[in-house]
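Protein chains: 2
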Amino acid sequence: MAKMTERMKELFNKVPTAVLTTATLDGTPNAVPVGAKKIIDDETILISDQYFNKTLANLKSNPQAAVTFWEGREGYQLKCSITIETQGERYEETAKWIEALGNKAGHPLQSKGAVIFKIKEIYGVSPGPGAGKQLV
Amino acid sequence: MAKMTERMKELFNKVPTAVLTTATLDGTPNAVPVGAKKIIDDETILISDQYFNKTLANLKSNPQAAVTFWEGREGYQLKCSITIETQGERYEETAKWIEALGNKAGHPLQSKGAVIFKIKEIYGVSPGPGAGKQLV
Numbered sequence: 001m002a003k004m005t006e007r008m009k010e011l012f013n014k015v016p017t018a019v020l021t022t023a024t025l026d027g028t029p030n031a032v033p034v035g036a037k038k039i040i041d042d043e044t045i046l047i048s049d050q051y052f053n054k055t056l057a058n059l060k061s062n063p064q065a066a067v068t069f070w071e072g073r074e075g076y077q078l079k080c081s082i083t084i085e086t087q088g089e090r091y092e093e094t095a096k097w098i099e100a101l102g103n104k105a106g107h108p109l110q111s112k113g114a115v116i117f118k119i120k121e122i123y124g125v126s127p128g129p130g131a132g133k134q135l136v
Numbered sequence: 001m002a003k004m005t006e007r008m009k010e011l012f013n014k015v016p017t018a019v020l021t022t023a024t025l026d027g028t029p030n031a032v033p034v035g036a037k038k039i040i041d042d043e044t045i046l047i048s049d050q051y052f053n054k055t056l057a058n059l060k061s062n063p064q065a066a067v068t069f070w071e072g073r074e075g076y077q078l079k080c081s082i083t084i085e086t087q088g089e090r091y092e093e094t095a096k097w098i099e100a101l102g103n104k105a106g107h108p109l110q111s112k113g114a115v116i117f118k119i120k121e122i123y124g125v126s127p128g129p130g131a132g133k134q135l136v
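Those protein sequences? They're chains A and B, same order as listed. Residues in the first sequence are numbered consecutively from 1, following my numbering. Residues in the second sequence are numbered consecutively from 1, following my numbering.
Excised from the complex, chain A in its bound form (with noise of 0.2 Å):
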């Protein structure tokens, strides 16, 4: 397991969206913008399913996925292993956040699953002679 520096939480908490890529067995990409996200700890992320539909096939048939996000010149990549959640206190808890979430925005929204994210290893995604380095 990798572990996030205090910055780059920040920054994942700070983005608006993040980007959540898969890919099929055989190696064909996915990815889709994110907003229903948090932190669970220095090593683990949860992204809520409200919609996913390649990436939830995706997910199932291939647990792996990056977790990218940036803000300017900043950015970084979470490689994770996944594992899905449709019950239990955890789900509980996304399905609440979700509702009132919104009810903030004024639309309907239910989470189908909680996304748990292992992070393995993180890599820098700024552009520059650095970029791709393995950071954690």
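To be clear, the hints were calculated from the coordinates, so they are not data collected in a lab. Among these hints, one or two may not hold up.
No copy labels: a pair is met if it fits in one copy or bridges any two.
Each computed EDC-like pair below joins lysine to aspartate or glutamate, with the alpha-carbon atoms no more than 20 Å apart [stated by the list, open to error]: (1) K112 with E10; (2) K38 with E85; (3) K60 with E85; (4) K112 with E92; (5) K112 with E93; (6) K37 with E99; (7) K112 with E71.
Position chain B relative to chain A; hints supplied.
Relative to chain A, chain B alone:
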């Protein structure tokens, strides 16, 4: 091949950053933000490689990619096959364009290659019940 609509092209040109997603042949995804992007025609885009690392390794071994871009609640994902040009007229033009971008930004930039994306399919990535629907 799939053709972008006028609206898709407008949004692609407008957003400062798109996300270029690749994968290893055994399905490990990789996603990086890219800014040096342009439309060649309705079914072809070009992204210049200044700093690609894992992205380039993936593109060479598995020449398929997704390019995702969005603004607010509107977004698209282009599923593409790719070729890489490191010589010839299109590469030379790209090299000049990137050099000029660097001059404008006040730090040197150099294109290592012009990645040409032929669009095969286009999906919506806007949140909502239609998320992930194939559009073109």
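| message | Checking an output row: K112 and E71, CA cutoff 20 Å. Within, between, both or neither? | response | Intra 29 Å, inter 24 Å, cutoff 20 Å: neither.
| message | Please sort K112 with E93 into within, between, both or neither, judging by C-alpha distance up to 20 Å. | response | Answer is within: at 12 Å inside a copy they meet the 20 Å cutoff, but 47 Å across does not.
| task | Check K60 against E85 for me: Cα-Cα at most 20 Å, and say if that holds within a copy, between copies, both or neither. | result | For K60 and E85, only the intra-copy Cα distance (12 Å) is at most 20 Å; the inter-copy one is 36 Å.
| request: Could you place K112 and E92 in one of the four classes (within, between, both, neither) given a Cα distance threshold of 20 Å? | output: Within one copy, since 10 Å is at most 20 Å while 49 Å is not.
| query | Within a copy, between copies, both or neither: where do K112 and E10 come within 20 Å Cα-Cα? | reply | neither (27 Å within a copy, 33 Å between copies)
| task | Could you place K38 and E85 in one of the four classes (within, between, both, neither) given a Cα distance threshold of 20 Å? | result | Within one copy, since 15 Å is at most 20 Å while 40 Å is not.
| message | One pair to classify: K37 and E99, alpha carbons no more than 20 Å apart. Within, between, both, or neither? | response | For K37 and E99, the Cα distance is within 20 Å only inside one copy (14 Å; across copies 37 Å).
When each numbered hint is compared with the structure, violations occur for hints 1, 7.
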